[in-house]
Amino acid sequence: MKFTLGWLKNHLATDASLDAILDGLTRIGLEVEGVHNPGEALAAFRVARVLSAERHPQADKLQVLSVDAGDGPMQVVCGAPNARAGLVGVFGAPGAYVPGLDVTLKVAAIRGVESNGMMCSARELQIGEGHDGIIELPDDAPVGTSYSDYAGLNDPVIDVSITPNRQDCMGVHGIARDLAAAGLGTLIAPEVPAVAGEGPGPDVRIEDAAGCPAFFAQAVSGLTNGEAPEWMRQRLTAIGQKPISTLVDITNYMTVDLGRPLHVYDTAKLSGGLVARRARAGETVEALNGKSYTLAEGMTVIADDVAVHDIGGIMGGAHSGVSETTRDVIIECAYFAPEAIARAGQALSLTSEARQRFERGVDPAFLDDGLAIATFLVLHYCGGTASGVTRAGSPPTTMTTIRYAPSLAETLGGLAVPAERQRAILESLGFTVTDDWQVTPPTWRRDVDGAADLVEEVIRIEGIDKVATVPLPRAPGVARPTATAEQLLERRVRRAAAARGLDEAVTWSFLGAAQAAAFGGGAWTLANPISEDLKVMRPSLLPGLLSAAERNLKRGLSAVRLFEIGRRYLKDDKGASDERMTLGLVLAGNRRERGWREGKAAAFDAYDAKAEALALLAAAGAPVDNLQVMGEAGEAWHPGQSGTLRLGPKTVLARFGMLHPALLKAIDLDGAVAAVELYLDALPAKRGTRNFMRPAFAPPALQSVRRDFAFLVPETLSADALVRAVRGADKAAIVGARVFDVFTGAGVEAGHKSVAIEVTLQPSDKSFTDEMLKGIADKVVAAAAKQGAVLRG
Amino acid sequence: MTEDLDTLRDHLLGAIPAADSAEALEALRVEALGKQGSITQALKTLGKMTPEQRQSEGPRINGLREAVATAIATRKAALDRAALDARLASETRDMTLPADAPIAGTVHPVSQVMDELAEIFADLGFAVATGPEIEDDWHNFTALNIPETHPARAMHDTFYFPDGAAGTGEAPRMLLRTHTSPVQIRTMLDQPPPIRIIAPGRTYRSDSDATHTPMFHQVEGLVIDKGITLGHLKWTLETFLKAFFERDDIVLRLRPSYFPFTEPSAEVDVGYTIEKGKRVIGGSGGGWMEVLGSGMVHPKVIAACGLDPAVWQGFAFGCGIDRLAMLKYGMDDLRAFFDGDIRWLKHYGFSSLDVPTLSGGVGA
Numbered sequence: 001m002k003f004t005l006g007w008l009k010n011h012l013a014t015d016a017s018l019d020a021i022l023d024g025l026t027r028i029g030l031e032v033e034g035v036h037n038p039g040e041a042l043a044a045f046r047v048a049r050v051l052s053a054e055r056h057p058q059a060d061k062l063q064v065l066s067v068d069a070g071d072g073p074m075q076v077v078c079g080a081p082n083a084r085a086g087l088v089g090v091f092g093a094p095g096a097y098v099p100g101l102d103v104t105l106k107v108a109a110i111r112g113v114e115s116n117g118m119m120c121s122a123r124e125l126q127i128g129e130g131h132d133g134i135i136e137l138p139d140d141a142p143v144g145t146s147y148s149d150y151a152g153l154n155d156p157v158i159d160v161s162i163t164p165n166r167q168d169c170m171g172v173h174g175i176a177r178d179l180a181a182a183g184l185g186t187l188i189a190p191e192v193p194a195v196a197g198e199g200p201g202p203d204v205r206i207e208d209a210a211g212c213p214a215f216f217a218q219a220v221s222g223l224t225n226g227e228a229p230e231w232m233r234q235r236l237t238a239i240g241q242k243p244i245s246t247l248v249d250i251t252n253y254m255t256v257d258l259g260r261p262l263h264v265y266d267t268a269k270l271s272g273g274l275v276a277r278r279a280r281a282g283e284t285v286e287a288l289n290g291k292s293y294t295l296a297e298g299m300t301v302i303a304d305d306v307a308v309h310d311i312g313g314i315m316g317g318a319h320s321g322v323s324e325t326t327r328d329v330i331i332e333c334a335y336f337a338p339e340a341i342a343r344a345g346q347a348l349s350l351t352s353e354a355r356q357r358f359e360r361g362v363d364p365a366f367l368d369d370g371l372a373i374a375t376f377l378v379l380h381y382c383g384g385t386a387s388g389v390t391r392a393g394s395p396p397t398t399m400t401t402i403r404y405a406p407s408l409a410e411t412l413g414g415l416a417v418p419a420e421r422q423r424a425i426l427e428s429l430g431f432t433v434t435d436d437w438q439v440t441p442p443t444w445r446r447d448v449d450g451a452a453d454l455v456e457e458v459i460r461i462e463g464i465d466k467v468a469t470v471p472l473p474r475a476p477g478v479a480r481p482t483a484t485a486e487q488l489l490e491r492r493v494r495r496a497a498a499a500r501g502l503d504e505a506v507t508w509s510f511l512g513a514a515q516a517a518a519f520g521g522g523a524w525t526l527a528n529p530i531s532e533d534l535k536v537m538r539p540s541l542l543p544g545l546l547s548a549a550e551r552n553l554k555r556g557l558s559a560v561r562l563f564e565i566g567r568r569y570l571k572d573d574k575g576a577s578d579e580r581m582t583l584g585l586v587l588a589g590n591r592r593e594r595g596w597r598e599g600k601a602a603a604f605d606a607y608d609a610k611a612e613a614l615a616l617l618a619a620a621g622a623p624v625d626n627l628q629v630m631g632e633a634g635e636a637w638h639p640g641q642s643g644t645l646r647l648g649p650k651t652v653l654a655r656f657g658m659l660h661p662a663l664l665k666a667i668d669l670d671g672a673v674a675a676v677e678l679y680l681d682a683l684p685a686k687r688g689t690r691n692f693m694r695p696a697f698a699p700p701a702l703q704s705v706r707r708d709f710a711f712l713v714p715e716t717l718s719a720d721a722l723v724r725a726v727r728g729a730d731k732a733a734i735v736g737a738r739v740f741d742v743f744t745g746a747g748v749e750a751g752h753k754s755v756a757i758e759v760t761l762q763p764s765d766k767s768f769t770d771e772m773l774k775g776i777a778d779k780v781v782a783a784a785a786k787q788g789a790v791l792r793g
Numbered sequence: 001m002t003e004d005l006d007t008l009r010d011h012l013l014g015a016i017p018a019a020d021s022a023e024a025l026e027a028l029r030v031e032a033l034g035k036q037g038s039i040t041q042a043l044k045t046l047g048k049m050t051p052e053q054r055q056s057e058g059p060r061i062n063g064l065r066e067a068v069a070t071a072i073a074t075r076k077a078a079l080d081r082a083a084l085d086a087r088l089a090s091e092t093r094d095m096t097l098p099a100d101a102p103i104a105g106t107v108h109p110v111s112q113v114m115d116e117l118a119e120i121f122a123d124l125g126f127a128v129a130t131g132p133e134i135e136d137d138w139h140n141f142t143a144l145n146i147p148e149t150h151p152a153r154a155m156h157d158t159f160y161f162p163d164g165a166a167g168t169g170e171a172p173r174m175l176l177r178t179h180t181s182p183v184q185i186r187t188m189l190d191q192p193p194p195i196r197i198i199a200p201g202r203t204y205r206s207d208s209d210a211t212h213t214p215m216f217h218q219v220e221g222l223v224i225d226k227g228i229t230l231g232h233l234k235w236t237l238e239t240f241l242k243a244f245f246e247r248d249d250i251v252l253r254l255r256p257s258y259f260p261f262t263e264p265s266a267e268v269d270v271g272y273t274i275e276k277g278k279r280v281i282g283g284s285g286g287g288w289m290e291v292l293g294s295g296m297v298h299p300k301v302i303a304a305c306g307l308d309p310a311v312w313q314g315f316a317f318g319c320g321i322d323r324l325a326m327l328k329y330g331m332d333d334l335r336a337f338f339d340g341d342i343r344w345l346k347h348y349g350f351s352s353l354d355v356p357t358l359s360g361g362v363g364a
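Those protein sequences? They're chains A and B, same order as listed.
First residue of the first sequence? That's 1 in my numbering, and the numbers climb one at a time after it.
First residue of the second sequence? That's 1 in my numbering, and the numbers climb one at a time after it.
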């Protein structure tokens, strides 16, 4: 919401400085977003008279002027066709910056004649479009004075941010009222002229009383719609609105001045009377912004017998809009239901100055006065004669009374304000306060409907800075732990991953549809995505990480280790959101760079992914020794180099391995990528209360013994199956079994591989004898044989 | 005999230190102490001697044996040491060659700041609460006193999901939460007061430019108790910001504002100074920066959660986590937070060891 200081002073008698007013606005909740004085840019330009004008000796189109800007004659070369002796215009001396030309003037010779400045056009000063010649001021303009002072441009433009609850401050008058309440001046009541209308009012009526409870109108005939008065155009221009014509400018001016949107219809373009009714589905209207809108059933519109002429309270129609040929008009001053306006505006994606005010709720008690002021301005500046006023319906002016206790200022607001001071504050804002504190808000404050709102009014005017800080009561003793098991898990896994050399990324929660489809598809697709790439809620963290990996590789990085902890978004049986805490990681490029010690660079492989998965699961407290490595990682993965880690056959804790080359190709990622997705939500919860006591330390009395076995096994037998068989051969003695060599090739028959296993044996109460060791070895060989393994000689 | 022993002593004790290899020394050992060695032979003669002779010769011969054995051991140690020195000299390597580069990962600034917040607020008795990011209309708006037609909904550029259940109107309208405030509602519905929580997490608005991303992070704070006032809110925010920035010169400015779910409402600016052309939080010489929205929880919100607003009152606040990180650690582009650029992550990220603690300071 923009206005100028001068405009404000029409409503507020004040001696306060600009700075005091700006501080005051922010202090009471009308945040100043900016202030700008257009006159400052033109401070160097003065009113000047052309004393004489003679032809330039070297150029037909130039003249050599003698100009008096208050300091006696100066020679200026000028190309304007209207430059002539006696003209009073605007002069910029050397050193002045001309905003429209983006140059700073200096003394220069133009075709051999010295020029000491410039007579300016409106466009050169960015105060208008005129560029046919230099500005011509009235003959009596005081030579030598500052042009911006003379033209009233020295009026700072203030931009305040108005919160959605304050429709009353969508008008300069309401802002003045707030400032007056804050002690920054005295509010000047708007002058409501008496307009003597003749004859019956225009034919307007209401069919949709819910959407448009009140429709007041007055006709003016025989008017002339020319250019609005200079002061009005200047103010509208200052706040960034383009002057159009007197009638349009009056409605725009009143919208900003009093927060009272109006609409003016060209009577000649209407067929029959106007009715506020509900739109029929599919009705269309071309609005004043030049766009065509198709209306939905139920939107409130103003229509005549033939067509819709106004999207009620949002924007007028182009067909019945006024023009320079307009002679007769109907002025509409209506009250539209805020909820209806909000719904229609949202549905049409159409914002306007009028909608902003109507959807917050204009003052329902200001229809008569608003219409009178508007009609007065039209008559005053356009001439013509006014009809009587038609009042269809009645605006909802009843306000609910609130029971208030002045003690609330302290018990809720934290500031003790004397009751009488509170009364004075509320009354200065227009509230009615009875002796027993029944408070009725003014009609322009429909946002206030409870005691807490009144506390806010009192505190913001009294000064929120006066509220003293009060420490929150503190529980005795040292602060207790507050983190939940899930939060601790997330923190541990995050820091474990970072400690293992992985960089944590945060990627978008939404993906393109194809990216999501590659990982099983998303359960949630946005109705209004910001782009096709950010449309589907991710079913996996890997696509986002892969995109990040791809960007990093394109930037020339040779190794990418990225992880993310976040949610994947599923849907439960009932269709509700099912968000699951997940860790994703990708390893791309080189696991090891080439080096003088190890030689060639080594790329990441599936076992790197497995190592990360197991390490992070261990950090998460998962029983990693009990996990089963199984297949079926899914279609996104390399079918022969991926797997799942499961707790029991069904609970998948992680997927790991190499990603499918087709998937990588689709996102233009060169090379192989190892990845892990770890399902933190699937981890078994820790049971029991926190117990810090650990079991007693009881190392075995006797040393363990190691024995190696090399087996010839079918190539398809998994190492895991063989190791499990070996471990199970003698559960009392065998405490460990580990593959230390896998070999195929020379000496191993085709379709087979050699797997060497180191078995750790732990004697309990007495050392193993040779026979015992032989017995265990026999059991190992027998157990392995059941898996198709043959001990190698 | 006597003369022989003296000759033998002179010979051996002269030759042993001069032995120039382990083999030469071994030959001398065999020559003197071996089975047929001269000293071994001499010892054998003792048996044939008279007791008197044995009395005088025994110590002499044994003394010679010990002297020779010691000389051999001494020489052997010297030779071994020389051999080790020679071997080590041959093993010299260029110690300026690079060792394996350490592989260090990083924690994202958003995670780090969330940990910092949890640490600070734990000391003030606040637990960390969470809620779904895919929310329904009621929790995100209605329960927070934002009815469908409320102009405030225009302030939230909301991402919606298509109407559920084939438009039967029975399923609630689902959306991506536009703020962390629905966690307030869920917490009040789930647990009895008194309540002190913070709720950090992802939030979404359909907005994208240099300072807005469609996804960002917020932290919500909520206190519900008896007798809580705006004064407590002010103290909490001031205490939090002082702890977060680890500066005592934090200056707050509260500005009356509007949020549908708080009344009274205030936006909170924090003062900054300009140091080396950059805005640094602290003091107020440079101006004010908006960091927080806050207020006393609206009685309608408390009532919507089934509590009696005449008994329970409290405050709530919300704050951008990404923004807090930027103000504390100096990043200037929000979009980079979500790009996964490893160079950026290495630059602005944190070591896994930088765990925020109150005793060590929450900043790193």
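Bear in mind the hints are in silico, worked out from the structure with no lab data behind them.
We put the beta carbon where it would ideally sit given N, CA and C, even for glycine.
Treat the hints with care, as some may be off.
Unchecked claim - Not everything, but these chain B residues come out facing chain A in the computed CB check (under 8 Å): (1) L43; (2) L46; (3) G47; (4) P51; (5) N145; (6) D249; (7) V251; (8) Y329; (9) D332; (10) H347; (11) Y348; (12) G349.
Unchecked claim - Label-pair ranges, simulated between beta-carbon atoms: (13) G277(B) / L488(A): 22 to 28 Å; (14) G277(B) / T432(A): 36 to 42 Å; (15) D332(B) / T716(A): 41 to 47 Å; (16) Y329(B) / A513(A): 32 to 38 Å.
Right, here's what the structure says about each hint:
1. With its C-beta approaching chain A no nearer than about 44 Å, L43(B) sits outside the 8 Å limit, and its interface hint is violated.
2. Below 8 Å, beta-carbon pairs count as interface contacts, and L46(B) has none with chain A, the closest being about 48 Å; its hint is therefore violated.
3. Taken as an interface hint, G47(B) does not check out: its beta carbon lies about 47 Å from the nearest beta carbon of chain A, beyond 8 Å.
4. The closest approach between the C-beta of P51(B) and any C-beta of chain A is roughly 54 Å, which is over the 8 Å cut-off, so the hint fails.
5. For N145(B), the suggested interface contact is broken, since its CB lies about 10 Å from the closest CB of chain A, more than 8 Å.
6. Interface hint status for D249(B): violated, as the beta-carbon distance to the closest one in chain A is roughly 15 Å, over 8 Å.
7. Because the closest C-beta pair between V251(B) and chain A is about 11 Å apart, greater than 8 Å, the hint is violated.
8. Among the interface hints, the one on Y329(B) is violated; its C-beta lies about 15 Å from the nearest C-beta in chain A, farther than the 8 Å criterion.
9. Because the smallest distance between the Cβ of D332(B) and any Cβ of chain A comes to about 17 Å, over 8 Å, the interface hint for this residue is violated.
10. Among the interface hints, the one on H347(B) is violated; its C-beta lies about 11 Å from the nearest C-beta in chain A, farther than the 8 Å criterion.
11. Annotation: Y348(B) was flagged as interfacial toward chain A, and the flag is violated, the nearest CB pair being 11 Å apart, outside 8 Å.
12. Interface hint status for G349(B): upheld, as the beta-carbon distance to the closest one in chain A is roughly 6 Å, under 8 Å.
13. Hint check: G277(B) to L488(A), Cβ distance near 41 Å, so the stated range 22 to 28 Å is violated.
14. At roughly 54 Å, the beta-carbon separation of G277(B) and T432(A) lies outside the given 36 to 42 Å, and the hint is violated.
15. A C-beta distance of roughly 57 Å is found between D332(B) and T716(A), which places it outside the suggested range of 41 to 47 Å.
16. Between Y329(B) and A513(A) the C-beta distance comes to about 36 Å, which sits within the given range of 32 to 38 Å.
In the structure shown, a violation is registered for the earlier hints numbered 1, 2, 3, 4, 5, 6, 7, 8, 9, 10, 11, 13, 14 and 15, in ascending order.
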